[in-house]
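Trainee: Given the structure of chain A, go ahead and fit chain B onto it with the hints provided.
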Amino acid sequence: MLKKLLSYVGKYKKQAILSPITIAGEVIMEVLIPLVMGHIIDDGIQKGKIGYVAGMGLLMVGMALFSLLFGALAGRLSAVAAVGFAKNLRGALFRKVQEFSFANVDRFSTASLTTRLTTDVTNVQNAFMMFIRTAIRAPFMLIFALVMSIKINARLSLVFLCAVPVLGAAIALIMVNAHPRFKAMLTLYDNMNSKVQENLIGIRVVKAFVREDHEKKKFTGSTEDVRAAQVRAEKLVIMTGPIMQFCMYASIIAILWFGGHMITGGTMESGQLSQFITYVGQILMSLMMLSFMFMMFVISRASIQRIYEVLTEEVDIVSPENAEKTVSDGSVKFRNVSFSYFKDMNNLALEKIDLDIASGETIGIIGGTGSSKTSLVQLIPRLYDATEGEVLVGGRNVRDYDLGALRDNVAMVLQKNVLFSGTIKENLKWGNENATDQEIETACKQACAHDFITGFPDGYEQDLGQGGVNVSGGQKQRLCIARALLKKPKILILDDSTSAVDTATDAGIRKAFRENLGDTTTFIIAQRISSVQDADRIIVMDDGKIADIGTHEQLLETSEIYREVYESQQKGSQDDQPGNGKEAEE
Amino acid sequence: MPPRNNMKPGEKPKNVGMIIKRIFSYMYGFKIHFFLVVLGVIFSAAAGIAGNALLSPVIDNLVDGFKTGEWDKGAFVTLLCVMAGIYILGALSTFMYQRLMMTVSTTTLMRIRNDLFNKMETLPIKYFDKHTNGELMSLYTNDTDTLREMLSNSIAQVISSAITIVGVFTLMLCYSWLLTIIVVVMLFIIIRVIAAIGSRSSRGFIAQQQALGAANGYIEEMIDGQKVVKVFTHEEKAVEEFDKINERLCEASTRANTFANILMPIMNNLSYLHYAATAIVGGIMTVNGFGGMTIGRLVSYLQFTRQFAQPITQVSQQINAVLTALAGAERIFRVIDEEPEADEGYVTLVPAVRTADGKLAESEGGKHTGIWAWKHPHQADGTVTYEEVRGHVEFDDVYFGYEPEKTVLNGISLYADAGQKIAFVGSTGAGKTTITNLINRFYDVPDGKIRYDGININKIKKSDLRRSQSVVLQDTHLFTGTVMDNIRYGKLDATDEEVYAAAKLANAHTFITHLENGYDTMLTADGANLSQGQRQLLAIARAAVADPPVLILDEATSSIDTRTEALIEKGMDSLMEGRTVFVIAHRLSTVRNSQAIMVLEYGKIIERGSHDQLIAQKGKYYQLYTGMFELS
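Chains as they are written, first to last, in our numbering: chain A, 1 to 586; chain B, 1001 to 1632.
Errors might be hidden in some of the hints.
Straight-line distance between alpha carbons at most 20 Å, and here's what the computed EDC-like set of lysine to aspartate or glutamate pairs gives [stated by the list, open to error]:
#: 1; chain 1: A; residue 1: Lys425; chain 2: A; residue 2: Asp458
#: 2; chain 1: B; residue 1: Lys1237; chain 2: A; residue 2: Glu426
#: 3; chain 1: A; residue 1: Lys96; chain 2: B; residue 2: Asp1243
#: 4; chain 1: B; residue 1: Lys1119; chain 2: A; residue 2: Asp458
#: 5; chain 1: A; residue 1: Lys96; chain 2: B; residue 2: Glu1221
#: 6; chain 1: B; residue 1: Lys1491; chain 2: B; residue 2: Glu1121
On the chain B side, residues computed to face chain A include the following (Cβ under 10 Å) [said to hold, decoys possible]:
#: 7; residue: Ser1044
#: 8; residue: Thr1141
#: 9; residue: Asp1224
#: 10; residue: Pro1265
#: 11; residue: Asn1437
To be clear, the hints were calculated from the coordinates, so they are not data collected in a lab. We put the beta carbon where it would ideally sit given N, CA and C, even for glycine.
The shape of chain A in the complex, shown without the other chains (with noise of 0.2 Å):
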């Protein structure tokens, strides 16, 4: 998992590897340090030499810059590396999720896809320049202060022998046990968050029912429950503290109290002693950072599992090798199709559906929410890949297509419809990227969108700012259309596309279609009969199976489900407006 992960440092490589290497140049000086300091001492006070007093003390002083140098080389290739790093990780989970069809995209969720490309990196990036910060470093310091102490004096050096295993022992313990209390906390933490979530969400429900009391007490148990787990995990994490400074005292007393014995019994020289204070502090120290590496990594593990699960998400529908690059004409027919979201055939959205519609056609399909109307329209331009039997389009099954030449062929009106930021323009080019001016405003007039738009200030270069928020939900409606008008489809599908436009521009945009796409095989979804009942055939769908299928008349006739619907819809209007069955809704 992890080496999946490392390899996306790419070009970054050398900075990665630098960072360390320079961070071992500083290592060394800060170690050597007191060596020289050591010989100061020795061989320079206690002698009485000026001169070697100042010779070493100026290479210290160029040993210090060396350092200085290193350590901040270390800095900038550190964070060159670590960002480089997060922005390829960033990347490469965009690109992927660009690939992903759209099962993936819900097994994911899209709240939580956003969460893994920008929090989880983050988290991945500080863990990982942590890592190419001290992984070097401490380990490096510890053997190298180490290695200088036993050549100092082997037997003062027993010392570390001691200290050394029992914090290293403490802190895992206390790193063990506090594991499982931090995932404790981090759940209750989360939960007191959903509460806050949700309260934001239906603050007007809150007030409405008057339930103001009831929240706060539900909220203050559950702060109060994280109080308490946190108290509960940091408490022993607080420990490495004062174990730390512990081991530390204990050290130096005891290389005090036998390195006094040594110097006065002449086997060590006071300049050594010194030394060997701060390799204490040196060693000790290194031992938990090393600590603090491991804990960032336990922390950053979560976020690392959840960007490694989207990066090997297999994509489950890609083009083949050889694919068919053009789309003969805008038939289409299911044989003996099923479907299910979870691949289950004892879970199926679609069962056993055939179907023939020939190029041209224009399609209705109704039915209750559930009905699988969507999951139907869905196979065509293949987001979804049939669970049994085959989708044909053109004459030729679906799978055997190339994705970018079925889609673009098969323009799809979704039901939950976006708009991006940026102007009408731009929003209706993603049709067509070289449209012309000429283009746009012929396909925005079939969708009897051109007359609001030129109402707006800035005409085709309005703003429509994030999610498209500065128009209505009609007006989002009929600039979807015409942004998949622009594709020029041989199929062109309407997902409940038209559900917040009033019943007369409903039918002026299939008048224009009628007159302007007559080779356009449409299917049109619709919870109105009057948006279809002009279409040639219209499929009433139940329980993910064709109900009835024909002309409204003969519908009228035959089909139960479909009388009701156009019963329900009809009703009031009767007594006033006989033959006028259309409302208006959104």
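Mentor: Frame of chain A, contents of chain B only:
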């Protein structure tokens, strides 16, 4: 909706002193704790300094012992014992103050969270219009997180650092004034370096924050519209655009992190430079015996130079974290300081009984009687009158705007008799929802303009007013909990039978019993496991269980398909029976059987009457009904 007031990240706190004082005010009841913390920090820091200071006599003792051949071992042992004692005291103090500080900081944080939430619950709806949920949410996540960091680390560290710096500096001065000149020079250099790097680093972080915002915004937009991207085979374009944004983020972020990263090694090595300079000068001094310098003193002094740099580095690293935390705290306090929803109402809702003479009186001990009355104390003569709650609503020439300069309602007058069904029709922004928002006082209008059962609505206590009404909104919001809990939200003490009855009324009973655990099925994430239509049915059941005299249905059935709507029609009819109902619906079939339909346009009622009257009138309603006009 009014413009949003954005709170930008990376903002500097305005009044540092006030904010710190305010944070401390949350530590009430911890005076002793805090006193002990400060004491502990002082001991802990002092132990570190004293330990190093003791090195000098120890080493001098050893050097003398070696030179003269007569080692004063007794003095040596005593010194080591004193040192051990000081060290043990130091380690214990560290443990104690950290433990105490943890209690103080977690409790403080909890108090601030509770205060923030409690205040949030009392804020007027207006406040939530002006601030996005993300903004408010980040107070609970980002801002309290950084505050927690600060409380549990920075406070103690700042005190400890200050003590160490002052203590070490004093001792250095005592040991040798000459060497201290080097310290002063170093200090000067260090401060210059921190200032230079620090300001670049904080500028870098602000730039990074902006670039990160842009990148996150793009990611959010594209992932949200992922399915559209696929349908339009726009993947490559999106990647291309993202690469540009990602590159910009990378540049800004590298800059910011570089400055943050180099600070530590630079500070650390400046301290080594200091160490080296001290070694040269101190060494020469020792050789010459100048200024009473001995080897022991020099070793101690050298340890001091290292000890002196550490707290400065630590504090300089903390500066950004502390400033961020204080800026976050300021945002939190700004919310806590917001004016809560004003409520001068004094007319309250009480359960009532009818006395023998047909008058109303408060029921004994507040027992529920099925009759509710407004208890109206009159200030003028001190009498109390009771008015039965019937749900009679009257608007008298009401003007209203969410912002003073932009009125949404322009002179609305209307009259709903108890038990009537009133419908509002009109395009988005015509003011339909606004009218219902005034009936339950989500927003306030000047005195006397709206009367409820004949009482000036502003005189009625808000909570009691709202208790007398139930609202079903277009966007159904459910809460984490079981289906049962969610329906019971309408009436917390409802029996299971009452809940079942309400669910049956809303035609929700059937689908609920088909859920995995029936009424005990847990709903999570705002009821994500239910369809929009099912959620609306639950919301209707929730309103039904409350059993109020007034019902407001704001697009309550918009996500229920026409066939299902026909199925629940009977339930809705019995729910509405005997209540005053305000209905907003785009689907005109829903409003057809209302006693009065008001057609709104630009905040004015342009047509009113029954369905038949309005159709006969052949005005706007007629056009809407026959589909000649678009509702947008």
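Trainee: Of all the hints numbered above, which does this structure not satisfy? Sort the numbers upward.
Mentor: Hint 4 contradicted; others consistent.
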